[in-house]
Amino acid sequence: MENMANKVARIPNLVDWSTGEVRLMSAKCNSCGTYFFPKEHYQHRPGCSREGVEEVLLPKKGKLASYTIQHYPCPPPFKTEKKITPYGIGLVEFTDENIQVAGIITDTDLKSLKIGMEMETTTLPMYTNEEKQEVVTWAFRAVQ
Amino acid sequence: MRDVYIVGTGIHPWTGFSEQVFADFAAVAVEGALKDAGVEWQKIQAIMAGIFIYGGNAGHLSGQYLESIFGETGVPVVNVYNACATGSAAIRMAFNSVAAGETDTALAFGADVSPKGFLTAKSDNAVQDRDVIRWKMGGMPNPIYWALECRKRMEKYDTTEEDLALVKVLMSEYGSKNPDARFKKPYSLEEVMNSVYVCDPLRLFEICPVSTGAAAVIITADPELIKKADKPVKINATTMGSAIYGDPTIRISALSCPATPEAPMLSESYSASRQAYEKSGIGPEDIDVLELPDNSSWHYLVYLETCGFCKEGEADKMLRDGETKIGGKLPVNPSGGFSSHGEALSAQAIWQVIECANQLRGRGGERQVEGAKVAMAQTYGLMGNSGTTIMSI
Ligand SMILES: [Zn+2]
Numbered sequence: 001m002e003n004m005a006n007k008v009a010r011i012p013n014l015v016d017w018s019t020g021e022v023r024l025m026s027a028k029c030n031s032c033g034t035y036f037f038p039k040e041h042y043q044h045r046p047g048c049s050r051e052g053v054e055e056v057l058l059p060k061k062g063k064l065a066s067y068t069i070q071h072y073p074c075p076p077p078f079k080t081e082k083k084i085t086p087y088g089i090g091l092v093e094f095t096d097e098n099i100q101v102a103g104i105i106t107d108t109d110l111k112s113l114k115i116g117m118e119m120e121t122t123t124l125p126m127y128t129n130e131e132k133q134e135v136v137t138w139a140f141r142a143v144q
Numbered sequence: 145m146r147d148v149y150i151v152g153t154g155i156h157p158w159t160g161f162s163e164q165v166f167a168d169f170a171a172v173a174v175e176g177a178l179k180d181a182g183v184e185w186q187k188i189q190a191i192m193a194g195i196f197i198y199g200g201n202a203g204h205l206s207g208q209y210l211e212s213i214f215g216e217t218g219v220p221v222v223n224v225y226n227a228c229a230t231g232s233a234a235i236r237m238a239f240n241s242v243a244a245g246e247t248d249t250a251l252a253f254g255a256d257v258s259p260k261g262f263l264t265a266k267s268d269n270a271v272q273d274r275d276v277i278r279w280k281m282g283g284m285p286n287p288i289y290w291a292l293e294c295r296k297r298m299e300k301y302d303t304t305e306e307d308l309a310l311v312k313v314l315m316s317e318y319g320s321k322n323p324d325a326r327f328k329k330p331y332s333l334e335e336v337m338n339s340v341y342v343c344d345p346l347r348l349f350e351i352c353p354v355s356t357g358a359a360a361v362i363i364t365a366d367p368e369l370i371k372k373a374d375k376p377v378k379i380n381a382t383t384m385g386s387a388i389y390g391d392p393t394i395r396i397s398a399l400s401c402p403a404t405p406e407a408p409m410l411s412e413s414y415s416a417s418r419q420a421y422e423k424s425g426i427g428p429e430d431i432d433v434l435e436l437p438d439n440s441s442w443h444y445l446v447y448l449e450t451c452g453f454c455k456e457g458e459a460d461k462m463l464r465d466g467e468t469k470i471g472g473k474l475p476v477n478p479s480g481g482f483s484s485h486g487e488a489l490s491a492q493a494i495w496q497v498i499e500c501a502n503q504l505r506g507r508g509g510e511r512q513v514e515g516a517k518v519a520m521a522q523t524y525g526l527m528g529n530s531g532t533t534i535m536s537i
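Residue numbers (the numbering used here), protein chains in the order written: chain A, 1 to 144; chain B, 145 to 537.
If we strip away everything but chain B, and leave its shape as in the complex, we get:
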């Protein structure tokens, strides 16, 4: 395995529902990444594409559609789906291809257009697709799952409703300073506490909606491209994890979970992060900036524990003590997080990696974490999907 770098990144800013097609969003992000890297399209030797699940044939073959826009070159194009960790899968494949020497330069991208209306079941076959049951009979949209876990946490530890609201206050402050974020209004603690419950104890401003967005990275081991890049970012490890038997988390789609844990909660993310620590030789104590998947305020807290940044039940204290602020011991989500962006399924993991790369390259603007040398992007997708990327400069 050889050293592999991110030399170019591109984002289409996050936004709401759009009539525009996903490939147009993807093209903006890819064009941005090519320009940032100063790389010609013909230098891309593999395309790893996150699929757009609501895009029919085009969405399922998103890599081919993207390739045709820039010009078909015959390179390997692989389209991948791992729920909300789809982007992690694309990056991991690009990294592995380059690190192994199969290719010198690879592109990973994801683009998603928010579906009109609600997220719901994608088939009608309850035997084959068990996601159907929770929609047809369970009355259980995604935030219900988070609320059930959040309530357990509040019963077990001293997590309060103020803690949950404080996460949004912080995220909205950072989001307001991020030109690529969708939600740019800063909220006070009072405003968040006065927002309506969606599923008690989680309030409207404490869960993230679905969004439109696109993100792309160019990954290379080509010495020429590394040399001419503006501050190339080394990928120390990029891993994926799946769930472990006995994980007590009630997983989105599922209708049951074990009563007695035999594995850590969110075990897919426990797996991905521990693999990344082992492969990179970098531990949580070495991380200068962290992007974690704050699908809800509960996620923000639990992910600090899942990834080993503190012991179980201690995340609330880190938050209250300001340790997770920019300027604190471990700045978390200087991007404003999912809370300020919303989920753009196949793009979000790539966008998290780009935010980390921007921080390491000193491009954080008003949100810059001073002196950041090592960053970690952690993602999470339903049904046991997770990815971790550790980067350094």
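Chain A on its own, in the form it takes in the complex:
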């Protein structure tokens, strides 16, 4: 297990590792059944009472629904200490939750990417902040 104590997400309320597993923070509407990511990005079914929105974690694993390889650095405010280009961006499907989530692909041979392959949620170190914490974003990698 990675050292997760001194790690912080660049923006809170998106990715959680408190259970020991890295998982995305979603919310489910118990009235219309829709899952949201980010969790406050409500997209209810028209006519939904919008009652009973409950915070949930998405499963750790999903399958790759699409991907691209970005060959140029993303402009600021995006920043990473190490050069990450070219990097993959994947759209990972959590089928039971009826949601696909986009994220950077890490620790994976980009040539091996194939739609349908199993992916798992992880974090990607971006930089170290003034408090000497490792600032991370959520990411996906191929399941070994």
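If you're looking for bench data, these hints aren't it; they were derived computationally from the structure. Be aware that a few hints might be false.
Stated by the list, open to error - With a cut-off of at most 25 Å between alpha-carbon atoms, the simulated SDA-like pairs for lysine to any residue come out as follows:
hint : chain 1 : residue 1 : chain 2 : residue 2
1    : A       : K28       : B       : M409
2    : B       : K266      : A       : V8
3    : A       : K114      : B       : K266
4    : B       : K321      : B       : E334
5    : B       : K266      : A       : K28
6    : B       : K300      : A       : D109
7    : B       : K266      : A       : P12
Position chain B with the ligand relative to chain A; hints supplied.
Same frame as chain A, now just chain B with the ligand:
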């Protein structure tokens, strides 16, 4: 509702970054439209302005700034923003004002100066402005979204990298003949295929950059102005659409999308185009010339399907068979498209309408679609914005 016509159009040719202020570009386009229509400024009874989001107070009140240049007359001035469909919103408001009889003659315009450097987040508040997350943590500039959809399409249908390149070949051929286009170099299939990937499978020449440009139209129901106009163009319908719940498209700014579709892809454009077909009684089979938003080669293909010009997965065949060429069954983007212009956010939808009007008025020059009687301009903006305008002569 009464019949409403476009009687004057004006464009400031598309160009790159400029130190000049947006209002100067706007003034060139508006002056052109007034001259084309033979209308005095004092005849304009409403100004519907697309806002220039990078222009601060001036950009957000672009209509007032423009009005002060030509002389303030006290007419209603409304400033509107609908992302890249901003110009559609301005035209729709001008049309509705005239059609309803609130005014007889209205101006719609948009002007945009390309920001220096990159497009990026416009605020730092990730809770309020979710666009911030994809820039700060996602590493996701706009073309990523198009590439993710393009890859899905290539997996589902037989869309090839040659198809994507062929779109640029066609667009660059038409752009080279358009004096108002920014990019005038024609490209061969080989040159496009050899251009670098920006986000695989999309290459550098298959995505459009940001540009500077301005466009203006004068819309009227005044019989005198219609009579003296050089070939007035009737607006049969001008509509806007927003997204529909269950749309599977990963929308620019968003970080997620539904896995199982319950609505068409690009549902905002599905909505806008179907409203226009219904209101005008004109269907895709009646359209002689189409301007669609080719932000990337993927858009060119998918928009033929979204707007009902063919079934899903059949656009590639239309392209390969030459049906979308000038002289083909449905000439698409004789202007050279966004590919030859680049995006000038608040102006581009108006420029698309002007290209359609030019085609109907026989002003297409080397790009003229012979005998064009009915034209459609289709646009698209991020976060569920779209507009459709159907015109005829
Ligand atoms: Zn709901």
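Verification of the hints:
Restraint check for A:K28 and B:M409: the C-alpha separation of about 23 Å stays at or below 25 Å, so the hint holds. For a cut-off of 25 Å, the pair hint linking B:K266 to A:V8 stands: about 24 Å separates their Cα positions. A C-alpha spacing of about 34 Å is found between A:K114 and B:K266, which places the hinted pair above 25 Å, so the restraint is violated. Taken as a hint, the B:K321 and B:E334 pair is honoured in the structure, with Cα atoms around 21 Å apart against an allowance of 25 Å.
A distance of roughly 29 Å separates the Cα atoms of B:K266 and A:K28; the hinted pair therefore is violated under the 25 Å criterion. With a CA separation close to 23 Å, the supplied pair B:K300 and A:D109 stays within the 25 Å bound. Distance restraint check for B:K266 and A:P12: the Cα-Cα separation of roughly 19 Å lies within the 25 Å cut-off, and the hinted pair is therefore satisfied.
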